[in-house]
Amino acid sequence: MRKRSFFGQYNFSDSLLCKLDPRVKIVLVFSIVVFLFFVKTIPGYMLLLLFSIFLILLAKSKISDVFRSLAPILFLLLFTVLFQLFFTPGKVVYSFFFFKVTSEGIYLATYIAMRLILLSFFTFVLTATTSNIELTDGFEAVISPLKIVRFPTEDVALMISIAMRFVPVLFEEATRIMKAQTSRGVLFNKGSLMQRARSFLPLLLPLLLNAFNRADQLAIAMEARGFVVGKARTKYREMRIKKIDLFFIFLFILIMAASIMVKRI
Amino acid sequence: MLELKNVFVTYDPNTIFMSNALVDISLMIKKNESVGIVGRIGSGKSTLIQLFNGLIKPDNGIVLLDNDDINSKQVDIRKVRKKVGIVFQYPEEQFFAETVFAEVAFGPKNMGMRETELKDAVFSALKDMGFSSEKIAQRSPFSLSGGEKRRVAIASIISMNPDILVLDEPMAGMDFNGKEKLIKYIKNEIKNGRTVVFVTHNMEELLEIADRVIALDGGKKVFDGSVRDFFSDEKLIEKIGIDIPSVVRMRNKLKKYYSDIPFCRTPMEIASYLKKRYRH
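Chains as they are written, first to last, in my numbering: chain A, 37 to 301; chain B, 114 to 393.
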């Protein structure tokens with residue numbers, strides 16, 4: 037019915053994964069996601085799937101939440117799978133009307149489905165066990181080598197953290213304005229596509245205006261507390277690589293290697 | 114006439130965030146009443162008023178407007194929203210139009226009003242909220258002062274000519290002058306026969322505008338009766354954590370010495386009572 041909580045969001049627990057260094061988590065998840073595209077065998081994917089389920093269990097997330105995180109990519113998933121299934125040339129194994137299912141098509145469709153599902157599983161583990169602050173701190177550290185080429189890594193990290201901080205605020209405000217305009221006779225989910233598009237103007241315009249006002253206030257509040265763009269800042273939380281981080285780095289490398297090797301056995 | 118029968122509203126059912134916003138609320142708001150809804154933050158006031166025009170559907174119980182269940186499929190929800198106009202907190206934050214006219218015309222236009230009828234509705238609503246000059250209609254709503262913005266926002270609901278006007282903390286964040294004016298215009302609406310329901314934390318406003326009080330505490334209705342009875346129940350007032358207005362406190366103290374002092378809403382009423390008494 038009425039949900040106030042979001043899924044896929046950070047969900048604090050005493051899980052081992054919450055204690056990992058965010059930099060390590062980001063790098064590991066990023067590399068395994070890239071790695072997904074180099075695995076070429078079904079047993080390899082099976083191994084990775086088992087590994088991702090192991091991580092999800094370790095993160096103490098609800099299985100139902102994990103499946104709900106698939107919802108946004110469901111359409112993409114179905115579309116690509118069906119496309120691969122029916123339009124890949126090769127040996128025909130089954131046909132009806134003008135559709136032809138080929139064995140190559142089945143292989144490709146399975147690969148693509150596995151890749152997309154695993155991709156969202158691994159990123160789910162990252163966002164479910166890492167708070168927004170940790171994520172941006174970790175991200176800032178990961179991109180910090182770019183400072184050499186004068187890329188403003190700190191500013192970019194700050195921008196990301198502010199953006200993430202205001203997502204729930206904007207969401208709440210959108211609901212509020214939507215209710216106010218509904219009371220003035222707007223029906224947001226009725227009428228033709230054109231009418232619907234037009235009915236969003238009274239929602240988006242105030243939302244945008246208020247967001248600009250809020251940005252102004254935030255800038256003043258930050259300056260009042262001594263924030264200066266480009267000045268070096270100290271950190272409240274220090275990130276340190278611990279034994280457990282090294283263990284997970286080792287585990288990830290092991291799994292990745294195994295999933296490539298598995299076809300030769 | 115608006116009626117709620119045994120209404121329950123629950124947020125996030127079956128999760129750890131579950132909370133009962135409203136528990137077994139039954140009430141009836143008759144024509145031409147002025148009702149103040151009071152209670153602590155989180156007592157369910159905002160949830161309650163959103164039930165009035167179907168923005169929230171009750172999990173249990175029914176909401177009747179002129180004896181029709183507003184959440185049934187046979188009822189046109191737009192007609193319900195025309196009859197029950199809700200002005201939310203800080204309503205000026207919903208402005209989007211280029212002119213005051215377009216802003217105030219938005220509601221009635223959605224309700225199907227056109228041309229002269231629309232024009233009349235807009236200008237009469239603006240007049241009701243104290244804008245006598247028609248020049249205001251061509252200004253940008255963003256260029257107005259805080260008090261003017263608030264009054265335009267209320268006019269944008271009044272222009273639909275609702276039977277029941279519902280206001281969620283209409284005076285929040287206003288200066289003294291703006292408040293005085295707003296109270297005057299809201300009282301005028303009541304005098305002209307509009308039913309007014311408003312949420313407030315300010316007891317002086319309650320005393321000035323409302324005839325009837327509905328008090329909520331933890332999602333339950335704990336009081337429903339006249340303003341006079343409300344302020345004489347000091348135990349209840351303490352329980353729901355409300356400040357007794359100074360006028361009422363003074364009158365209660367004077368009662369020790371003058372047992373026949375009537376219930377007074379303003380300092381002037383106390384003064385005129387004392388004046389009358391000492392003339393004799």
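Careful, some of the hints might be misleading.
[Claimed, not checked] Below, a list of computed lysine-lysine pairs in the DSS-like style, where the Cα atoms sit at most 25 Å apart:
id	chain 1	residue 1	chain 2	residue 2
1	A	Lys-215	B	Lys-186
2	A	Lys-278	A	Lys-226
3	B	Lys-248	A	Lys-215
4	B	Lys-240	B	Lys-297
5	A	Lys-226	B	Lys-297
Since the hints were made in silico from the structure, they are not lab data.
query = Between Lys-215 (chain A) and Lys-186 (chain B), does the CA-CA distance stay at or below 25 Å?
reply = This hinted pair holds, its Cα atoms lying about 20 Å apart.
task = Could you grab the alpha-carbon distance between Lys-248 (chain B) and Lys-215 (chain A) and see if it respects the 25 Å cut-off?
result = The given pair, whose Cα atoms are some 30 Å apart, is violated under the 25 Å limit.
message = For Lys-226 (chain A) and Lys-297 (chain B), compute the direct alpha-carbon distance and say whether it is at most 25 Å.
response = violated (39 Å)
query = Between Lys-278 (chain A) and Lys-226 (chain A), does the CA-CA distance stay at or below 25 Å?
reply = The hint is violated at about 55 Å.
ask   = Hey, Lys-240 (chain B) versus Lys-297 (chain B), does the alpha-carbon distance stay inside 25 Å?
value = holds (13 Å)
Hints 2, 3, 5 from the earlier list are contradicted by this structure; the remaining hints agree with it.
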